[in-house]
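Trainee: Residues per chain, in single letters:
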Amino acid sequence: MRAAVSWIRAVVPALPADVTTEQLADRLTALGLKQEAIERPGHDVTGPLVVGRVLSFEDEPQKNGKTIRWCSVDVGSANGTGEPQGIVCGAHNFVVGDLVPVILPGGVLPGDFEISARKTYGHVSAGMICSARELGLGDDHDGIIVLPADAGEPGDDVFDVLPLRDEVIEFEINPDRAYALSLRGVGREAALAYGVDFDDPADRPVPASDQAAYDVVVEDPVGCPVFTGRSVTGFDPSAPTPDWMARRIQLAGMRPISLAVDVTNYVMLELGQPIHGFDRDKLAGPIVVRRARAGEKLRTLDGADRTLSEEDLLITDDSGPIGLAGVMGGETTELSDTTTNIFIEAAHWDPVAIFRTERRHKLPSEASKRFERGTDPTIPLVAADRVAELLTTYGGGIVDDGVTYVGAPPAIASITVDAGLPARVSGMDIPASVTVANLRAVGCTVVESGSTLTVTPPPWRGDLTDPFDLVEEVARIVGYSDVPSVLPPAAHGRGLTRSQRLRRRVGRTLAGEGYVEVVSFPFIGTRDLDALGLDASDPRRTLLRLANPLSSEEPAMTTTLLPGLLKTVARNAGRGALDVALFETATVTLPRASGPAPIFGVDHRPSDAQLDELDKALPGQPLHLGLAVSGERERAGWWGPGRPGTWADALDGVRRVAESVGVEVTVRATAHAPWHPGRCAEIAVGDAVLGHAGELHPRVCAAYGIPARTAAAEIDLSRLLEHASSMVEAPEYSSFPVAKEDVALVVDDTVTAADVEAALRAGAGEYLESVRLFDVYTGPQVGEGKKSLAFALRFRAPDRTLTESEAGAFRDAAVASAAERCGAVQR
Amino acid sequence: MSGPNSSYDPVEVTPLRADQVEEMREQAFAAIAAAGDLAELKQVRLDHAGDRSPLALANREIGALPPQARKEAGQRVGQARGAVQQAIAARQAELEVQAEERMLVDETVDVTLPTSRRPAGSRHPLTTLAEDIADVFVALGWEVAEGPVVEAEWLNFDALNLGPDHPARTMQDTIWAEPAENHVVLRTHTSPVQARTMLTRTPPIHVVCPGRVYRTDPYDATHSPMFHQVEGLVVDEGITMAHLKGTLDHFAAAMFGDGITTRFRPSYFPFTEPSAEVDLICWICRGVNSEDCRTCRGEGWVEWGGCGVVNPRVLTACGVDTDRYTGFAFGMGIDRTLMMRYAVSDLRDLFEGDVRFSSAFGTEL
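Listed in order, the protein sequences are those of chains A and B.
Quick note on numbering: my numbering labels position 797 of the first sequence as 810, and the sequence is numbered without any gaps.
Quick note on numbering: my numbering labels position 133 of the second sequence as 165, and the sequence is numbered without any gaps.
If you're looking for bench data, these hints aren't it; they were derived computationally from the structure.
Among the hints, a few may not be true.
Each computed EDC-like pair below joins lysine to aspartate or glutamate, with the alpha-carbon atoms no more than 20 Å apart [said to hold, decoys possible]: (1) A:K580 / B:D205; (2) A:K375 / B:D381; (3) A:K47 / B:D311; (4) A:K295 / A:D228; (5) A:K47 / B:E210; (6) A:K382 / A:D315; (7) A:K375 / A:E323; (8) A:K753 / A:E735; (9) A:K382 / A:D592; (10) A:K629 / B:D205; (11) A:K799 / A:E782; (12) A:K580 / B:D381; (13) A:K629 / B:E213; (14) A:K310 / A:E347; (15) A:K629 / B:D190; (16) A:K382 / A:E626; (17) A:K382 / A:D228; (18) A:K580 / B:D311; (19) A:K375 / B:D205; (20) A:K629 / B:D386; (21) A:K580 / B:E335; (22) B:K103 / B:E93; (23) A:K800 / A:D788; (24) A:K375 / B:D249; (25) A:K295 / A:D350; (26) A:K382 / B:E178; (27) A:K47 / B:E331; (28) A:K800 / A:D761; (29) A:K295 / A:E323; (30) A:K382 / B:E93.
If you want the footprint, here are the derived chain B segments under chain A, 3+ residues with CB under 8 Å [as the list claims (entries may be wrong)]: (31) 93 to 100; (32) 155 to 162.
Just so it is clear, CB atoms sit at the ideal spot from N, CA and C, and this is done for glycine as well.
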C-alpha cells in the first residue's frame, strides 16, 4: 500500500503540521503498518519552472520529417527581462493563448536533466515546454501539459499549480490488517498515532429508495452477503480526470486511465472497498450473482479467456458471465471511451471464495487483494454513492434516484475478555482503563461489567475474533517498545541428547581427518540416478516426487547423498580444486507405501493413534553420511610424492566415524553401484548393512565429470548411532610383559584379509591381545594367484610372564586355525 | 697386578722417582688436553691410563720396593693415576658436549618448510552456527527438538492456525509432495517441530528447533528454495511477551555481542498473537551515526526474525490447556544470521560446496 502524505493529511486534517514524513512513518511502523520505503516524487525537479502563455508560434517542417514549433512564450518576469521567451517545442496539442508549464535554463527535470539554452533546429531554444512524463507526473508524453485557463499568470511558479512534489510512504500491510489497504485505514492509524480526532470518510449518509438502481438477484448469499449499486446517466466519457485525483492514483502505484475507471480506483484507495463499473447499456437483463456452471467461460478485462470452475462466484446477466466476482470484470460490459450510462457495483464477497478464485486463475488484483483479506461489509453502498458523486461532479450527468441494496452485512460476534488479559499476556503494566480506551480507539464497542469486557469489533476489523487479538490491539497502542526484558523462569533441560552429541562428534572427526563439509540441495532427477549406474530395480530409484518441483530436471527428493556430493566434487574440480575430501550429513527421503496424511480438526489434540497414523504416512527420512575423496589425499612436497586417495581412504573415513561413536563395524567385499565392483566394501554392524564404501565405478566418474578413481562412501548414520553404546566396560589389563609373534601366511588371492584375521583370532587362544596386518605381498616368491599376508600377534597373560614356548604354541595354534579355515600356509 | 719381584733391585727402579712420576703425569695431561675428539681421547686413555701406560708399568714396580719406600711410591703413583683418570673423564665429558653440539648443528633443518601433508578439514558454518545457537539455549536449560523435513500438511499448516484458506498460505509458497492430495509437504518453516513438541511433551516446555526448510523461492544471491531456521518455544504458566523479549535480548547479545538488544514491531503470524517482528540494534554502527552504515543502510536496526505469544488456537490443537498455560515462540533464519555475522554477500556460497568457503570457517566458529 502506497499513500501520498498529502492525501493522509487530507484525510486527517488534525495531524500536527510539524510532523515529518519520517516521524509519521516511524509511528505507523510502531503501530504495525510497516514502512517499506519513503519516496519523494518531484523533489528532483528544481525551477525556474513557471507558467507560460503561448503568444505565437510557427510550425517549421524539418528534414527529418518532424514539424517543430518555434514558440514565443510569455513567462512574465521569470526570465529576468520580461521579454517573451523563444522556445522550440515538438508537440502540437496547444493553441495560442494556452497556459503551459515552462522550465527555463538553470532548471532541472527528473533524471538530473539540466536545462540550458541551446541551439536546435536553427533556433536558440531558451527552455522547454513540459509534458507530464517530463515532469514525473505520469506516462503521458503524447503532448505537453496545457494548464487550465485559470491556473495562474505567466511567471507564476508551477509548483503552486501542479501537484508536482509530494512524499509517499509505502507500507507493507500484514494480512490481518486489510483495513489499512485504504486511506481510511491509514488515516485512522495516523490519528491513533498522534492521538488526534479522526473523521471517518466512510461516515456519510447513504440514500435509500424503494426503486433499484439496477435489478440484481443474489442466488448465493453466502458468497455475496451484500450487493449494492447506483446508476449514473448522461456521463461525459471524454471528461478528464482532475490532476489531483490522477496524481493520488499515480502515487498509490496505479495508472490513471479514464475518469470513470479512475474514480472507482480512487474510491477503492480511499475507502478500501473495491468497486466495479458496468457500461449499463451493454447489460442484458437483470444481474444475477451465482456460482459458475461447468464449462462456462469468461473473457476478463485483461483479454484472457478463462474457463470457470463451479466454485467461482460470478456476476452474470442474460448474456452469461460478465464478471469474475471480486477479482476482475469481464470485457463485454467494460467501461469504454463511449460509455455514458454507468451502473456502479459495490459488494461484499466471501473472502474464502475470492481467495480460491484468485488462486485458481492466478489472477491477483487490487480488488481481490482486499476482498480475500476481508473488507468492511457495511460500506459498499457508501462507496458506490461516493463514486456516483465523483463521476457526476467531474464528468457530468446525473445520479439516478434508485438504490440497489441486496442482502445485509453479517452480524459481528462480540468477544468476552478479562480486562487484565492484555497486562498478563504482554508483561506490561496496563490498567483496565487503558485497555478499554485502546479498544475503543481502534473502533471497538466495549461494555464493562466488573473486570469482564464485552467487546464488539468494528465492521472493518474482521480479523478481531479472539481475546488474544484484542491483546495485540491494546499492546501495540501502549507500544511494544514498553515490553520489559525479563528472562523466563529457569528451565531444567538435560542438555543435548546423546544422538545430538554424537552427530557433532562425527562432524568434528571428519573435519579432523581433513574432510570439508558441504550442504547440497536434496532435489534429484532420474538422470542423476542413471549416472550412478543404478539398475532398474534399485530401491534408491523409488523417489518421493514433488508436485511442484523447482526444476523439471530434478522433480524428486533424493534417496542418496552421492549425486549432490559428486556434483560438488565436479564443481570444485572445475574451479581448480582437484584434491578434495568432502562430507555431508543430511536426511534422505525413502518413500513407503502409505495412504495420505490425515488432516485433523484443530479444536482439540488428535489422539496418539491418529498421530501415529500421521507419522506412518510420511516417508522414511534417515540421516545419511556421505563422503567423497578425489585426487591426492596427501600432498606431494619436499618429503616426497603425494599419496592419491583410494578406496581405502573412503572406507577409513567411515571407520573413523564408527570409532568416534564407539561402534565396531565389519567390512565385507561386495559389488554395489555406483562403486567399482572389485573395490567396494559393505559396512555392517552385526548382520545389519549400514552402507558402502570404495572406489567409484569408472563410468560413474565419467558420467559426473569427476577425476578418475574418486572414492566415496555412504552410510545410514541414524542406524550407526543407534548402535553407539553409551555403556563402556572398563578394561582390566595386565602389566606382565608382552610376547610378540609375527607370522607370514600365504593364501589364495580370493581369500580376504578379514577372513584370515578372524581365523587367527579364533585359534590364538585367550592370551591373544591383538592382531595387526602389517604387510601384503604378491609376487614370484609366493606364486601365481597367491598372496602373502604378514600379521603381528601379541600375547599377554594376566598373571605371569609367558614363556617363549608358550607364545610359540599359541602362534602355531593360530596358524593352524588359519590353515584349516583359509588354506593358509606359513612361509 | 704382577706378583712380588724377588730379584728386584730398588736402586734401578728409577720410574718411581717423584720427578719421573710427575713427568708421566704431565705427559698424560698434555695428551689429554691435546685430544681433539672422542676417538683421540680413546687413544690417550690407552696410552696414559691403559695397562701398558707408563704409570701402569710404574705401578707394577711398586711391589719390588722395600716396605718403607713402597708406601710412599704407591701413594705417589696412585695419586698420579687417579688424577689422569679424572682428567680423562673431564675431557670425555667436555668432548661429548662438543660432539653433541656439533651433531645438533649438523642436524639443523629449515623449519620454515611446509609441514602439512594433508589439507585441513572443516565443518560447514551453517552446522557450527546452528550448534552455537543451540548451545546458547542449552546453557539456559532448554533442549533441542527435531522433526522431519518432509512433513504432514496438518502439522505444517492446520495445527499452526493456518487453515486451508488462510491467506497467509500465500506468503510461503509451499513445495508439495506428489500427489498433493496426500497432504505431505516439504516443511516451510520449523514451526511443525513446535507443534510436535507440544503434542508429545507436557509443559513446562523449553525447546529450540534448528532445521532445514523449503519454499518455492528462486535461487539467487538473497533467496534459496532451501534454507535454515531456528525456532524457540516456551510454554509454561505465566509466560508473557516480557519473557520473549528477555530471551531474545539474551540471544542477540550471545550472537552479536554485549549491548546488542532487540526491538519489537507489531506484525502478523497465524501461529502467534500478539505477533512481532524482531529487529536487532545494528552491531556494526550500534545505532549511532548510522547514516553511512552499510550493514543497516542507515536504519540503525536490522531485521532478524519473527516472534510472538503462541496463539491459543495452536495450543488447543496441540492439546495444551490454555486456561493454565501461555507460551511464546520466535524464529529466525540461520542462513541470514550467518550472512549478517560474517558479511556473506551471496547466499549461494552456502550451497555451492566450494571447499574454499567452508574451509575459511574451520571446525568451530
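Trainee: Take the hints in turn and mark each one as holding or not.
Mentor: Results for each hint:
This hinted pair does not check out: A:K580 and B:D205 have alpha carbons roughly 27 Å apart, beyond 20 Å. Pair hint A:K375 plus B:D381 does not hold up; C-alpha atoms about 33 Å apart against a cutoff of 20 Å. As the CA atoms of A:K47 and B:D311 are separated by approximately 12 Å, the hinted pair is consistent with the 20 Å bound. For a cut-off of 20 Å, the pair hint linking A:K295 to A:D228 stands: about 14 Å separates their Cα positions.
Between A:K47 and B:E210, the direct Cα distance comes to roughly 37 Å. Violation of the 20 Å bound is thereby established for this hinted pair. Between A:K382 and A:D315 the alpha-carbon distance is near 17 Å, which keeps this suggested pair within the 20 Å criterion. With a CA separation close to 16 Å, the supplied pair A:K375 and A:E323 stays within the 20 Å bound. For the proposed pair A:K753 and A:E735, the alpha carbon gap of about 37 Å is over 20 Å, so the pair is violated.
Taking the CA atoms of A:K382 and A:D592, the gap is near 54 Å; set against the 20 Å cutoff, the hint is violated. Of the pairs offered as hints, the one joining A:K629 and B:D205 is violated, with about 25 Å between alpha carbons and a cut-off of 20 Å exceeded. The straight-line distance between the Cα atoms of A:K799 and A:E782 is roughly 28 Å, outside the 20 Å bound, and the hint therefore fails. About 15 Å separates the Cα atoms of A:K580 and B:D381, which keeps this hinted pair within 20 Å; it holds.
A C-alpha spacing of about 16 Å is found between A:K629 and B:E213, which places the hinted pair at or below 20 Å, so the restraint holds. Proximity of A:K310 to A:E347 is assessed by CA-CA distance (about 16 Å); at most 20 Å being required, the pair is judged to hold. Taken as a hint, the A:K629 and B:D190 pair is honoured in the structure, with Cα atoms around 18 Å apart against an allowance of 20 Å. For the proposed pair A:K382 and A:E626, the alpha carbon gap of about 37 Å is over 20 Å, so the pair is violated.
With a CA separation close to 27 Å, the supplied pair A:K382 and A:D228 exceeds the 20 Å bound. Restraint check for A:K580 and B:D311: the C-alpha separation of about 38 Å exceeds 20 Å, so the hint is violated. Between A:K375 and B:D205 the CA atoms are separated by roughly 13 Å; this keeps the pair inside 20 Å, and the hint holds. The hinted pair formed by A:K629 and B:D386 fails the criterion: a straight-line CA distance of about 37 Å is larger than 20 Å.
Straight-line distance between C-alpha atoms of A:K580 and B:E335 comes to about 34 Å, which puts the hinted pair past the 20 Å bound. Note on B:K103 and B:E93: the hinted pairing holds, with a Cα-Cα distance of about 12 Å set against a maximum of 20 Å. Restraint check for A:K800 and A:D788: satisfied, since their Cα atoms lie roughly 10 Å apart, inside the 20 Å limit. Between A:K375 and B:D249 the CA atoms are separated by roughly 17 Å; this keeps the pair inside 20 Å, and the hint holds.
A C-alpha spacing of about 13 Å is found between A:K295 and A:D350, which places the hinted pair at or below 20 Å, so the restraint holds. Taking the CA atoms of A:K382 and B:E178, the gap is near 36 Å; set against the 20 Å cutoff, the hint is violated. Among the hinted pairs, A:K47 with B:E331 is consistent with the structure: their alpha-carbon atoms are about 14 Å apart, no more than 20 Å. Of the supplied pair hints, the one linking A:K800 and A:D761 holds, its CA atoms being roughly 6 Å apart against a limit of 20 Å.
Taking the CA atoms of A:K295 and A:E323, the gap is about 25 Å. The hint is violated against a cut of 20 Å. A hinted pair counts as satisfied when its Cα atoms are at most 20 Å apart, and A:K382 with B:E93 does not qualify at roughly 129 Å. For the segment 93 to 100 of chain B, the stated coverage by chain A is not satisfied: 0 residues place a CB nearer than 8 Å to a CB of that chain, which falls below the threshold of 3. Counting residues of the segment 155 to 162 of chain B whose beta carbon lies closer than 8 Å to any beta carbon of chain A gives 4, which reaches the threshold of three, so the coverage claim holds.
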